[in-house]
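Peer 1: Quick note, the sequences are listed as chains L and E, same order. Numbering follows this note's numbering, with no gaps: position 10 of the first sequence is 10. Numbering follows this note's numbering, with no gaps: position 174 of the second sequence is 174.
Hints listed in this document are in silico derivations from the structure and should not be mistaken for laboratory results. Any given hint could turn out to be false.
[To be verified] Among the chain L residues that face chain E by a calculated CB cut under 8 Å, a handful are:
id: 1; residue: E31
id: 2; residue: K62
id: 3; residue: L64
We put the CB at the ideal spot given by N, CA and C, even for glycine.
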Amino acid sequence: MTKNEMMIVAIAAAVFIIANIIMWSVIIRKERKRREATTPPPDLGIRLPDGVPDAASALGFKLLESTVIVHTEDRLNDG
Amino acid sequence: MEYIAACDTDIGITKKNNQDSVCLKIAQTANGRAALMLVCDGMGGLSRGELASAEVVRSFAEWFDNEFPFELPDWDWQTAAHNVISRLRRLNAMLIDYGARHEIQLGTTATGLIAVNYDFMTFHVGDTRIYKISDKLSQITDDHTFVNRAVKMGKMTPEEARTDPRRNALVQCIGVTGDISPEIRLGTLENNTAYMVCSDGFRHVLTEKELYEGLSAENTSTKKDMQKRIRQLIETVKKREERDNITVAMLRVMP
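Using the sequences plus the hints, can you model the full thing?
Peer 2: Here is the structure:
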């Protein structure tokens with residue numbers, strides 16, 4: 001194999017490697033974007049405690065189910 | 001009689017925060033059962049939508065725990081309706097005032113159901129919906145959207161409304177519209193009939209057939225099954241790449 005032929009093979013190999021690196025970077029970036037789009041960030045859902053006063057309990061009022069889910073601890077009257 | 005109920009909410013697949021809030025309360029009272037079910041969808045395009053929806057849900061939840069037990073002995077639906085409208089208008093004014101002071105716009109829908117034994121009242125502002133699920137699925141609230149109003153006025157066909165770019169534009173919601181006219185309906189709960197409140201994120205990519213079959217009486221006869229079916233539908237909605245937050249609450253009356 002002549003020096004020129006070796007050079008051509010080396011260039012072809014380099015081009016092949018660079019093309020592969022670019023291709024896989026694009027694939028990985030697309031995959032990461034897809035994963036980010038389908039994986040939600042942790043839900044900041046806050047479940048609030050109930051607060052039935054004793055006087056209400058005395059009237060026979062008893063909570064059997066109490067689910068309140070909000071996603072902020074801020075209140076309007078905080079500011 | 002018993003109430004079987006469940007609720008769930010999910011941030012969805014694209015939004016950075018969940019602006020929906022949900023409340024589900026059931027109480028044993030001296031004279032039977034009572035319930036509150038409420039879904040609020042904080043406005044997608046508006047900043048602090050989660051604060052708006054949380055404030056409305058907290059207000060009704062606190063009312064149910066602290067005031068409702070003392071109102072029950074003299075319970076009267078006309079007075080209750082008047083009080084709910086007043087509460088919604090007060091919250092509307094508070095949100096508008098907060099928005100003006102902080103130079104932001106925040107808003108939310110508010111759609112819920114209050115039940116006392118077999119009687120109920122729905123209250124509704126926005127495009128969150130209540131469905132009745134019996135031998136068929138029927139929507140019992142009216143969407144307060146620009147396109148729905150245009151359809152009712154005969155200026156647009158239902159088909160045009162489905163694809164109109166303004167299909168999500170609301171004609172009234174809490175915190176944005178200066179004056180609101182909440183839609184109130186009174187009714188009687190039917191045995192083995194379910195009432196489901198859901199944000200638009202839940203229903204956009206599901207057909208009525210899927211909603212009906214997924215939440216039918218056979219599939220949601222226990223609380224555990226109801227919770228499981230709701231979660232399954234939410235996962236279906238996410239697989240179909242719905243972009244909004246997703247929230248559902250459901251209540252069924254058992255004899």
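Peer 1: If a hint holds in the structure, say so; if it doesn't, say that too.
Peer 2: Structure-based check of each hint:
1. Given the 8 Å rule on beta carbons, the hint for E31 (chain L) is violated: about 15 Å separates it from the nearest Cβ of chain E.
2. With 8 Å as the threshold, the beta carbon of K62 (chain L) comes within range of chain E, its nearest partner Cβ sitting at about 5 Å, so the hint holds.
3. Annotation: L64 (chain L) was flagged as interfacial toward chain E, and the flag holds, the nearest CB pair being 5 Å apart, inside 8 Å.
Checked against the numbered hints given earlier, this structure breaks only hint 1.
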